[in-house]
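> Take a look at the letters that make up each chain.
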Amino acid sequence: MLERSHIQSTGFRNVGPEGARTGFEVRIRQANYRSSRLSLIEGVDITVDGVVYPAEGNLFRLGDKEYTRDELNEATQTRLYVGDYFTVVVPKEGGLTRGVHLVGSAIRYRHPYFPPEFQPAIVRNERHATIILP
Amino acid sequence: MLERSHIQSTGFRNVGPEGARTGFEVRIRQANYRSSRLSLIEGVDITVDGVVYPAEGNLFRLGDKEYTRDELNEATQTRLYVGDYFTVVVPKEGGLTRGVHLVGSAIRYRHPYFPPEFQPAIVRNERHATIILP
Amino acid sequence: MSSFKYGVSLYSYTDDFGTVMTLDDAFDHVADTGSTGIEILGETSVPLYPEPPVAWIDDWFAKLERFRLEPTNFACWVDTRIQLDRNMSVEEGAAQIAQDLRLAHKLGFKFIRPKFGVIDHDLTPDPIWEGAVDRNLDLAHELDLVILPEIHSPTPIRHPVTDAYVKFIERTGTKNFGLMIDTGIFQDRPIDHWGGGITDEIKKGALSFLNGINTPVEHLADVIQYVPFIQAKFHNIDETLHDHQIPWERIVPMLKKLGYAGYLSSEYEGKRDPWVAIEQVRRQHALIRKLEEEYDAASMEAANA
Amino acid sequence: MSSFKYGVSLYSYTDDFGTVMTLDDAFDHVADTGSTGIEILGETSVPLYPEPPVAWIDDWFAKLERFRLEPTNFACWVDTRIQLDRNMSVEEGAAQIAQDLRLAHKLGFKFIRPKFGVIDHDLTPDPIWEGAVDRNLDLAHELDLVILPEIHSPTPIRHPVTDAYVKFIERTGTKNFGLMIDTGIFQDRPIDHWGGGITDEIKKGALSFLNGINTPVEHLADVIQYVPFIQAKFHNIDETLHDHQIPWERIVPMLKKLGYAGYLSSEYEGKRDPWVAIEQVRRQHALIRKLEEEYDAASMEAANA
Ligand SMILES: [Mn+2]
Ligand SMILES: [Mn+2]
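Taken in order, these protein sequences are the chains called A, B, C and D.
Note that full-length UniProt numbering numbers the first sequence so that position 102 is 102, with each residue one more than the last.
Note that full-length UniProt numbering numbers the second sequence so that position 75 is 75, with each residue one more than the last.
Note that full-length UniProt numbering numbers the third sequence so that position 118 is 118, with each residue one more than the last.
Note that full-length UniProt numbering numbers the fourth sequence so that position 12 is 12, with each residue one more than the last.
Extracted from the complex, chain A is given alone in its bound form (with noise of 0.2 angstroms):
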């Protein structure tokens, strides 16, 4: 089971190595009452501490599989579960400190059956989330 905030505490962590991390990553849940074929999420923006990391910089991983923006959109018949969670990649020279951070998530998700003036519908979500290993 996954907590019930889009953000969860477990998989916010630093990655590359110590002392010399490339980055971070969040893991979210999904956020939507449905599965989603990839194709039809547009990426998600991350915040920490009021720092915006736009989606265009971030990788989105499902399972062992990275996806570029651009491979989201291509990836029509490779669906997100409800039940299931992503992770988004960060790329930040040095990762984060050790110690809570605010952690803010944006979904940029298309709805077909939304009118097209509401496209992408952003799905948002803000946190307290803890590094543990700088």
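Think of the hints as simulated: they come from the structure by calculation, not from any bench.
The reader is advised that the hints may include incorrect statements.
[What the hints assert, rightly or not] Calculated pairs, DSS-like style, for lysine-lysine (alpha carbon to alpha carbon, straight line, at most 30 angstroms):
{"no.": "1", "chain 1": "D", "residue 1": "290", "chain 2": "A", "residue 2": "92"}
{"no.": "2", "chain 1": "C", "residue 1": "63", "chain 2": "B", "residue 2": "65"}
{"no.": "3", "chain 1": "D", "residue 1": "63", "chain 2": "A", "residue 2": "65"}
{"no.": "4", "chain 1": "C", "residue 1": "290", "chain 2": "C", "residue 2": "271"}
{"no.": "5", "chain 1": "D", "residue 1": "63", "chain 2": "C", "residue 2": "63"}
{"no.": "6", "chain 1": "B", "residue 1": "92", "chain 2": "C", "residue 2": "290"}
{"no.": "7", "chain 1": "C", "residue 1": "271", "chain 2": "D", "residue 2": "271"}
{"no.": "8", "chain 1": "C", "residue 1": "5", "chain 2": "C", "residue 2": "256"}
Given the coordinates of chain A, work out where chains B, C and D with the ligands should sit on it, guided by the hints.
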């Protein structure tokens, strides 16, 4: 998975044939942090809309087996596991009316590692729950 | 006297599913309401949709039997704006519907509800809908399934979108295409806690979502002959069994008067706090059953007078 | 320089387990803290305790490998007041401990913590404890396990109960019995949100539970030679990594000074709202690791000066 409240929405229902109900039952999750030998549970009082149905008159059901209070005391090797629920069966001619009721439960736990003056420890819960079929 | 069938759509448990509830739990909750029918969202409830594992399908039928439930409607989607730079063709739309018909049939369902992408603010479905459905009428007939687009707020009953569906039925004479009514169209008071998937931006831009479009229940008479299934949308029922948005005290007598004997399948769409939906669905069943019994009792009395 | 080992007790996830969390999830949460050890409550975490299915045991070891965790302490109970009208005999107590030793060993644990029933307000353990343990020292030795009673608030380090355990160790010369410290004994400010199992009646009658008994951290020196494992009890750590009850800034340097190199196994016992424990445990690990690094850096500096 069970509801966080001890008293569950599902499982609150009348028992006995329609039109000639003999009582009602309430489903309650294991409210302790560890599994309990049934002999450590000294019964469960139920309250509905202010009317108390004391443990002495109720049956305790785990799986398919029903226990009186004396039978609970004998069941030293049967356990109510964490993540599991039990059902309290309350005799009441005609059952309960259709609609939302205020339901309370008071589980009488005996915790051997608490001082003798705190035996049994009464664990209470209260919530609204709905009878659908009168 | 004809009577309603009672069911629950697992849409009611949105956000609970995957955080506090498994599919097994959902079956238990639905069955304990006294329902006979279960409605699912294909993509949501079926693991590895569109190709669930064989073991899961076996377990699906074992659960139906154990909980004494029959599959009712299988909700699905035609994602017309499938990619940023292109829309689905009629062929792709038809293939999507065929896939859902076959899966729904394999799982024992009677209806599918494809949700088409729209092209404008009026929620006009992408014009591929007609060709995509047309090409599937024979398959639906063969599999004994009815394809039901949903009449959903802010689209009322008397509206070009609904008219186009009715015209299609009349033109083709098909029995495998009909209308599903979502009772959200009768909402006559504002929603306090929205549990649908829309964002703050959309709420600001489309107040009809929140205020309700208050379709007169009398308009049901226009289309009831084409309505074999109803989603009983609601948002908040309090401890006195008072619904704060949906006028059941007008909907139930009208449906009874029109002889509706199909499902009322609960679609809770209120506050998304964990576990709230379980209790809300139970309240709705208590409320609608009470109103139905009151109507029946009054009819009986009138007949005996 | 010796350093702590980091672990988590699944007691931290009380109330989450079975409502929002499976055992698989718990492994994931523990591993993601960077821990190497997992502590369980036998009766809580092991299905069909004391006889888990063979398939579950296989899966247990598969999970340990997948999440790279080692089993640390296995918490268990000696329910002396087993029935309303009688207490356990020494033989029954010994059989209970033997059963837990065997199961803990089968699952790869290094320690068991039997919680004995008590006979008075001072929490004096039922006198059967000594005979029941004595009869198991050979078995514990054979299985390479250490039996650890817990020094738990309101019982401090300098107290007849602790003294009796130490006397037992000295008399028998055993290496298979020791002390577990629960850091709740160092609590020096009142608890705002209690997540333990006690009721309102007990809270009113035993304020030391809530206010803390403020055992001086210096007293650790008396017993540290007998302490191979510590439960890192805590209740509330805020966004600035400030613990509102437990003085880690005094505990960590004292443990380092005493050369403690065993586990600190998180025992969250605060607010029991769903999912709160997951984040609280992470904060505790960030806090203790920070204090340990600060101590190490200061020692290094002093050595280099
Ligand atoms: Mn609907
Ligand atoms: Mn402890």
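> Against each hint, give a clear statement of whether it holds in the structure.
Here is how each hint holds up against the structure:
1. Under the criterion of a C-alpha separation no larger than 30 angstroms, the hint pairing residue 290 of chain D with residue 92 of chain A is consistent with the structure, at around 22 angstroms.
2. For the suggested pair residue 63 of chain C and residue 65 of chain B, the alpha carbons sit about 23 angstroms apart, so the restraint of at most 30 angstroms is met.
3. With a C-alpha separation of about 23 angstroms, the suggested pairing of residue 63 of chain D with residue 65 of chain A holds against the 30 angstroms cut-off.
4. Of the supplied pair hints, the one linking residue 290 of chain C and residue 271 of chain C holds, its CA atoms being roughly 24 angstroms apart against a limit of 30 angstroms.
5. As the CA atoms of residue 63 of chain D and residue 63 of chain C are separated by approximately 29 angstroms, the hinted pair is consistent with the 30 angstroms bound.
6. For a cut-off of 30 angstroms, the pair hint linking residue 92 of chain B to residue 290 of chain C stands: about 22 angstroms separates their Cα positions.
7. Of the pairs offered as hints, the one joining residue 271 of chain C and residue 271 of chain D holds, with about 23 angstroms between alpha carbons and a cut-off of 30 angstroms not exceeded.
8. At roughly 12 angstroms between alpha-carbon atoms, residue 5 of chain C and residue 256 of chain C fall within 30 angstroms of each other, so this suggested pair holds.
Figure legend: structure checked against the earlier numbered hints; every hint is met.
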